[in-house]
Amino acid sequence: MSRLWRFFRTPEAIAGALILALLVAMAVAAPLIFPGDPQAIAGPALLPPFQDWSLPLGTDRLGRDVTAELFHGARTSLAVGLAAAAAALFIGAVVGTLAGFAGGLVDEVLMRVTDAFQTVPSFLLALAFVSIVGPSLGVVVGAIALGAWTGPARVARAEVLSIRERDYVAGARVIGMYPLEIAFREVLPNALPPVLALSSVIVAAAILTEAALSFLGLGDPNRVTWGGMIAEGRAVLRTAPFLSIVPGIALVLTVLGVYLAGEGVVESSAVRRSLS
Amino acid sequence: MSEFTISRRGLLSGSALLLASTALPTIGRAQTPKKGGRLIVAADSEPRDLNPAIVASNGVFFISSKIVETLAEASFDGKDGLDPRLALSWEGAADGLSVTFKLRDGVKWHDGKPFTAADVAFSALQIWKPLQNLGRTVFKDLSTVDTPDDLTAIFKFAKPTPFQLIRNALPALSSVVPKHVYENGKIEDNPANNAPVGTGPFKFAEYKAGQYYRLARNDDYWSKDEPYLDEIVYQVLPDRTSAAAALEAEEIQLAAFSAVPLADLDRISKVPGLKVVTKGYEGLTYQLVVEINHRRKELADLKVRQAIAHAIDKDFVVKTIFLGYAATATGPVPKNDPQFYTADVPAYPFDVAKANELLDEAGYKRADDGKRFSLRLLPAPYFNETKQFGDYLRQALAAIGIDAKIVNNDSAAHIKAVYTDHAFDLAVGPPVFRGDPAISTTILVQSGIPDGVPFSNQGGYKNAELDALIAKASETLDTAARTELYREFQKKVAADLPLINVAEWSFISVARDTVGNIANNPRWAVSNWADTYLES
Numbered sequence: 001m002s003r004l005w006r007f008f009r010t011p012e013a014i015a016g017a018l019i020l021a022l023l024v025a026m027a028v029a030a031p032l033i034f035p036g037d038p039q040a041i042a043g044p045a046l047l048p049p050f051q052d053w054s055l056p057l058g059t060d061r062l063g064r065d066v067t068a069e070l071f072h073g074a075r076t077s078l079a080v081g082l083a084a085a086a087a088a089l090f091i092g093a094v095v096g097t098l099a100g101f102a103g104g105l106v107d108e109v110l111m112r113v114t115d116a117f118q119t120v121p122s123f124l125l126a127l128a129f130v131s132i133v134g135p136s137l138g139v140v141v142g143a144i145a146l147g148a149w150t151g152p153a154r155v156a157r158a159e160v161l162s163i164r165e166r167d168y169v170a171g172a173r174v175i176g177m178y179p180l181e182i183a184f185r186e187v188l189p190n191a192l193p194p195v196l197a198l199s200s201v202i203v204a205a206a207i208l209t210e211a212a213l214s215f216l217g218l219g220d221p222n223r224v225t226w227g228g229m230i231a232e233g234r235a236v237l238r239t240a241p242f243l244s245i246v247p248g249i250a251l252v253l254t255v256l257g258v259y260l261a262g263e264g265v266v267e268s269s270a271v272r273r274s275l276s
Numbered sequence: 001m002s003e004f005t006i007s008r009r010g011l012l013s014g015s016a017l018l019l020a021s022t023a024l025p026t027i028g029r030a031q032t033p034k035k036g037g038r039l040i041v042a043a044d045s046e047p048r049d050l051n052p053a054i055v056a057s058n059g060v061f062f063i064s065s066k067i068v069e070t071l072a073e074a075s076f077d078g079k080d081g082l083d084p085r086l087a088l089s090w091e092g093a094a095d096g097l098s099v100t101f102k103l104r105d106g107v108k109w110h111d112g113k114p115f116t117a118a119d120v121a122f123s124a125l126q127i128w129k130p131l132q133n134l135g136r137t138v139f140k141d142l143s144t145v146d147t148p149d150d151l152t153a154i155f156k157f158a159k160p161t162p163f164q165l166i167r168n169a170l171p172a173l174s175s176v177v178p179k180h181v182y183e184n185g186k187i188e189d190n191p192a193n194n195a196p197v198g199t200g201p202f203k204f205a206e207y208k209a210g211q212y213y214r215l216a217r218n219d220d221y222w223s224k225d226e227p228y229l230d231e232i233v234y235q236v237l238p239d240r241t242s243a244a245a246a247l248e249a250e251e252i253q254l255a256a257f258s259a260v261p262l263a264d265l266d267r268i269s270k271v272p273g274l275k276v277v278t279k280g281y282e283g284l285t286y287q288l289v290v291e292i293n294h295r296r297k298e299l300a301d302l303k304v305r306q307a308i309a310h311a312i313d314k315d316f317v318v319k320t321i322f323l324g325y326a327a328t329a330t331g332p333v334p335k336n337d338p339q340f341y342t343a344d345v346p347a348y349p350f351d352v353a354k355a356n357e358l359l360d361e362a363g364y365k366r367a368d369d370g371k372r373f374s375l376r377l378l379p380a381p382y383f384n385e386t387k388q389f390g391d392y393l394r395q396a397l398a399a400i401g402i403d404a405k406i407v408n409n410d411s412a413a414h415i416k417a418v419y420t421d422h423a424f425d426l427a428v429g430p431p432v433f434r435g436d437p438a439i440s441t442t443i444l445v446q447s448g449i450p451d452g453v454p455f456s457n458q459g460g461y462k463n464a465e466l467d468a469l470i471a472k473a474s475e476t477l478d479t480a481a482r483t484e485l486y487r488e489f490q491k492k493v494a495a496d497l498p499l500i501n502v503a504e505w506s507f508i509s510v511a512r513d514t515v516g517n518i519a520n521n522p523r524w525a526v527s528n529w530a531d532t533y534l535e536s
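For the record, the sequence lines run as chains Z and D.
Residue 146 in the UniProt record's numbering sits at position 146 of the first sequence, with consecutive numbering throughout.
Residue 385 in the UniProt record's numbering sits at position 385 of the second sequence, with consecutive numbering throughout.
Hints listed in this document are in silico derivations from the structure and should not be mistaken for laboratory results.
Note that CB positions come from ideal geometry on N, CA and C, so glycine has one too.
Check the hints yourself; a few may be wrong.
DEER-style ranges, computed between Cβ atoms [unchecked claim]:
1. D/D369 - Z/G171: 53 to 63 Å
2. D/N194 - Z/L124: 23 to 33 Å
3. Z/A116 - D/N194: 55 to 65 Å
4. Z/Q51 - D/S223: 49 to 59 Å
5. Z/S54 - D/V271: 26 to 36 Å
Computed, partial: chain Z to chain D, Cβ under 7 Å [what the hints assert, rightly or not]:
6. I41
7. L62
8. S136
9. N222
10. A235
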């Protein structure tokens, strides 16, 4: 409880949490408020916002309901952000733990592979991956994770390097535990907190990358995505700017919310650490 | 030549009279074109190969038609819809085995050498027939070109070839390139393909990748006093939204081929100093077509194809996707074609209930989730409108219980997926109608075309009756009989739906008011612009 209280002490964290809560509510409520296909044609094309209260945010080039698309787009953004971050953290933690704990040749090889991935800009990597494999939600998640796992891997390795010299690790060795068992049951759980602190940055980056991929036409075409909405609005930017602005604001707020909440988590755990 | 400008506001406002008066041919003629000046034009793509004799496509013509000329150009009021260019006259023999061209005297290549019948013979036999994307079909029976003198070229055909077809093919397929430049070495690798040498009003000057193409005035042009412009610069602006901004900022003076998005036209037509011109593309009609893979068992059923045709609201497509700058289609020949079009074909009015009925009859009942079956839908990525129609079609199919999954590809991958791998169920394509169904339209339904030929029937459709009709029309010499066969062709295609024609559209130019003599022929954007001028 005290940790929660500490989290909500900073106004940034409260703002971040509120935005995230709203986003989750949107994502969860989307199929309830807007049942059926969000891409169905609902009214006249290019209806500006606040004209017709059954279509509060207006309609796009084909007459699709922007509000419905926005809500369903929240689902995609959130799903991709969380799934990509989870995948990146998982790969990163495993690779980092193996490299740090094994040392020697294994460490060298794994870290050079990490270097190789880090030298390629992650967005280019995602772009190349999606354009070769073909756009679908799973591929997009994989592509983003592919460029995002190197950070967690490095942090995990650094933590493992210091933890593996601790007495309890030596003790585990003495009682005859297998090295892999020690690595993943004794070392990894203790190395995890600083790695998890990266998650907010990764989720925010993943949401942005997904939007950028969709903007370039490499998102899943059968799902509503905010990036795809912005891209479609771009052709009519001068005549119907709201089509790009509305999903743009949603995207900015989401990334801001994830980032602020992440900061709050880091701050509260830092306070706890300094207190303990 | 008259000049018609269309600006909806302009026609309504007080300036309507003024606008209308400039549209009167007499007054238009009285205005003497000014000489000199540099015309800056928006270019949205950068073709690598600029040889129009090999790559007969609008992207190439847009630049190279000013440099390399054809035997004749399309015309609003000329005989047979043609205006002479390098050829002064053309005459077909009654047996369909030869066509005689009389060529223009005193024409010089940009390098100073004289233009002769040998150049025409070389271009026809060595390039149009074996290498050109469209010429391969039209000139397939061309056996020799006799040149009794320097100004006569007689095309000899092994099999009777309709003169009407050759005539209709002249504007797009007959770019003449110099024999002395191309006769040595491999034609495809000739450096002149990237820096063309021609007889046209403008010479190729320079190309900076990603920036611009520059063409300079040909002082030795055969039409004295022309061209009026000193220079044409094609400013590369791949981003469509930037063309409108560049026009308003007076950085460019002309954006052709709908470089300004349709949704922006209403706004831009109100900007003082700019005009929106819808004429000048009558000979370049694009067709919005749903290509069908008949290998899919469901789609091989005529009832399912009819159901899909009934599910598409063509008026909605024209109004919403093309914002009215298009026409609904009835069949494989566009409505604006003066020679072949017939409206007397089976029609498929928008009727969702009927479509559902047809699908039920065909035995594809809705499952518990309301879906009958799933399809892959591949919209061609070349135009905003084809992509948007893909989105619309998905919704239209959802309304009749067909679950379409959109698969997006880039241009190269789309062509491979549809025309080589046949990895599609439905595709949205924009084929071009080029003034004669035999040039690029019958190939869309004819069977027996090898895999990998783009913009052809790759849907596995086979109809012996239609194939026979196409074969018969290709060797029918009498114009009236040939036209009648193509009317029959339209009826059969509309009845059996090897593909579904949805709409026909053309392009829009936006120009500054100072640009004169624009849109004065049906292929204006890809014609030679010799009489285009700039008022200072």
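Status of each hint after checking the structure:
1. About 58 Å separates the C-beta atoms of D/D369 and Z/G171, a value consistent with the hinted range of 53 to 63 Å.
2. For the hinted restraint 23 to 33 Å between D/N194 and Z/L124, the CB-CB distance of approximately 30 Å keeps it satisfied.
3. For the pair Z/A116 and D/N194, the supplied restraint of 55 to 65 Å is violated, since their beta-carbon distance comes to about 38 Å.
4. Between Z/Q51 and D/S223 the Cβ separation comes to about 56 Å, which falls inside the hinted range of 49 to 59 Å.
5. The hinted window of 26 to 36 Å between Z/S54 and D/V271 holds, with their beta carbons roughly 34 Å apart.
6. At its closest, the beta carbon of Z/I41 sits 5 Å from a beta carbon of chain D; the interface hint therefore holds under the 7 Å criterion.
7. This hint holds: Z/L62 has a C-beta 6 Å from the nearest C-beta of chain D, less than the 7 Å allowed.
8. For Z/S136, the suggested interface contact is broken, since its CB lies about 9 Å from the closest CB of chain D, more than 7 Å.
9. Proximity of Z/N222 to chain D holds as hinted, the smallest CB-CB distance being about 6 Å (cut-off 7 Å).
10. Residue-level restraint check for Z/A235 holds (minimum Cβ-Cβ distance to chain D is 5 Å; threshold 7 Å).
When held up to the earlier numbered hints, the structure conflicts with 3, 8 and fits the remainder.
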